[in-house]
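Undergrad: Can you make the complete structure from the sequences, with help from the hints?
Protein chains: 2
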Amino acid sequence: MAKFHHCIAGITVTFAILPMAAMAEDAALLKQAQEIFQALPKDMATAEFPITRERAELGRLLFFDPRLTIDADMSCSSCHQPAFYGTDALPKPIGVRQRPHPRHVPTNLNAGTSFVIHWRGDRTSLEDQVFQALTSPITSGQSDEKAVIDRLARIQGYTPLFEAAFPDEPQPMTLRNIAKAVGAYERTLVTPSPFDAYLAGNQEALPPAAKAGLEKFINTGCVACHNGVGVGGGMYQKFGVVEDYWKATGSDPIDKGRFEVTKDPNDLYVFRVASLRNVAMTPPYFHDGSVATLPEAAKVMARVQLGVTLGDADTRDIVAFLESLTGELPANFATAPVLPPGAVTPAK
Amino acid sequence: MAKFHHCIAGITVTFAILPMAAMAEDAALLKQAQEIFQALPKDMATAEFPITRERAELGRLLFFDPRLTIDADMSCSSCHQPAFYGTDALPKPIGVRQRPHPRHVPTNLNAGTSFVIHWRGDRTSLEDQVFQALTSPITSGQSDEKAVIDRLARIQGYTPLFEAAFPDEPQPMTLRNIAKAVGAYERTLVTPSPFDAYLAGNQEALPPAAKAGLEKFINTGCVACHNGVGVGGGMYQKFGVVEDYWKATGSDPIDKGRFEVTKDPNDLYVFRVASLRNVAMTPPYFHDGSVATLPEAAKVMARVQLGVTLGDADTRDIVAFLESLTGELPANFATAPVLPPGAVTPAK
Chain L
0 MAKFHHCIAG ITVTFAILPM AAMAEDAALL KQAQEIFQAL PKDMATAEFP ITRERAELGR
60 LLFFDPRLTI DADMSCSSCH QPAFYGTDAL PKPIGVRQRP HPRHVPTNLN AGTSFVIHWR
120 GDRTSLEDQV FQALTSPITS GQSDEKAVID RLARIQGYTP LFEAAFPDEP QPMTLRNIAK
180 AVGAYERTLV TPSPFDAYLA GNQEALPPAA KAGLEKFINT GCVACHNGVG VGGGMYQKFG
240 VVEDYWKATG SDPIDKGRFE VTKDPNDLYV FRVASLRNVA MTPPYFHDGS VATLPEAAKV
300 MARVQLGVTL GDADTRDIVA FLESLTGELP ANFATAPVLP PGAVTPAK
Chain C
0 MAKFHHCIAG ITVTFAILPM AAMAEDAALL KQAQEIFQAL PKDMATAEFP ITRERAELGR
60 LLFFDPRLTI DADMSCSSCH QPAFYGTDAL PKPIGVRQRP HPRHVPTNLN AGTSFVIHWR
120 GDRTSLEDQV FQALTSPITS GQSDEKAVID RLARIQGYTP LFEAAFPDEP QPMTLRNIAK
180 AVGAYERTLV TPSPFDAYLA GNQEALPPAA KAGLEKFINT GCVACHNGVG VGGGMYQKFG
240 VVEDYWKATG SDPIDKGRFE VTKDPNDLYV FRVASLRNVA MTPPYFHDGS VATLPEAAKV
300 MARVQLGVTL GDADTRDIVA FLESLTGELP ANFATAPVLP PGAVTPAK
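Keeping their order, the protein sequence lines are chains L and C. Using numbering that gives the first Met the number 0, the first residue of the first sequence is number 0, and each one after it goes up by one. Using numbering that gives the first Met the number 0, the first residue of the second sequence is number 0, and each one after it goes up by one.
Any given hint might turn out to be false.
[Stated by the list, open to error] Incomplete in silico selection of chain C near chain L, CB under 8 Å:
| id | residue |
| --- | --- |
| 1 | ILE69 |
| 2 | ALA71 |
| 3 | LEU328 |
| 4 | PRO329 |
[What the hints assert, rightly or not] Computed cross-link-like contacts, DSBU-like style, restricted to lysine-lysine with a CA-CA straight-line distance of at most 30 Å:
| id | chain 1 | residue 1 | chain 2 | residue 2 |
| --- | --- | --- | --- | --- |
| 5 | C | LYS91 | L | LYS91 |
| 6 | L | LYS91 | C | LYS255 |
| 7 | C | LYS255 | C | LYS91 |
In short, the hints are calculated from the structure, not lab data. Positions of the beta carbon are idealized from the N, C-alpha and C atoms, including for glycine.
TA: This is the structure in structure tokens:
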């Protein structure tokens with residue numbers, strides 16, 4: 000469309016023809032996009048991980064409750080902050096007792112669209128992530144299931160909520176069920192964006208710069224990895240296909256990625272491809288938060304993954320496309336729940 | 000009302016008379032309550048500290064923004080959590096870098112109704128509290144104004160918001176103005192409760208147990224201190240008028256209260272009287288969070304302030320009254336704002 004414009008600049012007789020040609024080009028771009036991407040579903044329930052209202056509501060409370068962690072001062076929402084679209088604006092989060100997390104926080108919004116969880120794919124599902132986090136020394140600091148449940152069981156308001164969410168179980172207050180409840184909640188957190196409206200056929204949903212950016216995003220080759228419902232999140236890929244990533248990002252230390260999990264040399268510097276939904280709202284970027292702005296991140300990716308030097312104008316268009324992936328915060332995430340009151344036992 | 004009931008128990012001929020007598024007693028209790036307490040205003044603006052829409056909206060962003068503090072991992076809302084009605088469920092909050100706060104967090108809801116701020120009254124206004132917190136070693140960790148503003152100035156989205164909130168100032172991004180903006184925001188946070196509806200004349204707003212509790216709250220003498228618009232927050236008082244407070248609370252260490260501020264022996268163990276609004280939602284209790292539950296806190300207060308041993312039935316009624324002071328969370332507090340994106344400079 001943009002190129003076509005340049006060709007005909009100044010030729011007045013094309014006024015009647017231009018709209019039809021432009022419309023055909025617009026339709027072709029949309030068709031291409033619909034083959035590469037999918038709009039968000041209304042939620043992210045699966046056969047294995049269904050959503051029930053009771054579980055999702057309980058999970059929402061638990062997500063915001065700091066009493067799950069050792070000093071009762073950090074919750075899931077401490078790093079996955081609504082105000083930052085489920086991230087924390089830091090290169091790497093700070094865990095309980097100032098313990099450093101090794102990698103940048105990925106947003107929990109739309110996270111159920113990813114095929115695995117975490118940068119290295121070492122969590123099989125949202126539920127697996129929550130389960131492991133509940134006794135992680137960095138995320139929780141609680142030593143075992145007993146430590147978590149003993150604290151929770153003293154908060155009277157939770158007992159009937161666990162019973163309602165897991166009605167067939169005599170002892171429903173378990174780490175497994177906390178994980179299922181928080182997972183069910185997270186599977187409700189989808190953020191339909193202007194791009195989803197576009198994929199549904201609404202040409203007006205994207206401004207011209209975003210459409211130009213989409214075309215460049217496709218033609219530059221970004222869609223080899225950033226595709227599907229998450230615009231990413233569907234596969235592993237080496238970070239640094241044509242050039243070592245740290246030469247472009249300045250990363251220090253150098254993270255070997257999935258290799259550390261599998262010890263397979265093919266996995267050296269391999270990470271889960273990040274979903275780009277809401278990417279404009281979640282700086283800094285990459286597994287170590289080493290790049291602060293979206294234009295710089297787009298240039299780094301083009302350079303080290305595709306060997307392309309992205310100019311400023313193309314970068315602006317691609318960023319305009321990426322901005323069209325910003326959705327509205329779900330109300331059940333933006334608005335904090337009122338937690339069942341209950342003091343943490345005072346230290347005397 | 001309760002006593003009247005006891006007198007007439009079993010006398011069937013009073014059926015026609017009882018409603019009129021009860022109505023008269025209800026009316027007398029309401030009249031007495033209206034002399035002791037006032038309903039919440041629609042906001043807490045003053046001549047010295049006015050609210051403008053621009054300042055309150057900016058202040059809301061700043062309140063939720065962790066980038067004001069040294070490691071960018073704590074905001075005002077880390078201790079004043081919406082999910083806990085502006086508190087944190089801990090005896091004493093944990094500040095930046097795990098530094099311990101010396102006293103329990105008072106809720107920021109309705110806080111503009113208090114005559115001074117903090118347990119010892121060493122902050123003259125909400126704005127003074129915010130201003131001092133911005134460079135407090137425990138609350139912020141930032142060393143000085145330059146450190147705070149340098150970080151904030153790099154977040155592009157804030158510049159126009161400060162300009163709009165302080166239109167006559169060439170350099171509006173200052174600690175003083177952050178304090179004014181957050182103060183303006185906090186002055187909007189009022190939580191009208193069933194008790195306010197009752198004070199406005201709606202007898203149906205309080206259940207019978209709450210009215211019985213109100214009567215006991217008045218007759219036991221609690222209202223000597225817990226009165227006015229905040230049901231407290233209007234004066235200083237010694238904690239432990241008839242008995243050392245720590246004998247009832249188990250407090251350790253013993254806090255000398257306002258004496259540490261003024262060095263006046265008359266201020267030994269003196270604290271600002273706490274507002275009881277939303278008290279049922281904000282355990283634990285007292286300046287050191289030494290008491291975990293509201294019934295126990297009510298008994299401790301009756302014992303050490305008034306020399307009264309409160310029985311379980313009276314305690315239940317008084318707690319029912321205190322529960323009627325729970326209001327709805329303001330929408331601009333319960334719902335997190337979307338913050339201007341901007342990464343904290345990565346440490347490389």
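Undergrad: Determine for every hint whether it applies to the structure shown.
TA: Taking the hints in turn, this is what the structure says about them:
Checking ILE69(C) against chain L by beta carbon gives a least distance of about 11 Å; that is not within 8 Å, so the hint is violated. Below 8 Å, beta-carbon pairs count as interface contacts, and ALA71(C) has one with chain L at about 6 Å; its hint therefore holds. For LEU328(C), the shortest C-beta to C-beta distance to chain L is roughly 7 Å, which falls under 8 Å, so the interface hint holds. Given the 8 Å rule on beta carbons, the hint for PRO329(C) is violated: about 11 Å separates it from the nearest Cβ of chain L.
In summary, the hint linking LYS91(C) to LYS91(L) is supported, as the alpha carbons are separated by about 27 Å, within the 30 Å threshold. With a C-alpha separation of about 41 Å, the suggested pair LYS91(L) and LYS255(C) falls outside the 30 Å cut-off, and the hint is violated. Distance check on the hinted pair: LYS255(C) and LYS91(C) sit about 16 Å apart at the alpha-carbon level, within 30 Å; holds.
In the structure shown, a violation is registered for the earlier hints numbered 1, 4, 6, in ascending order.
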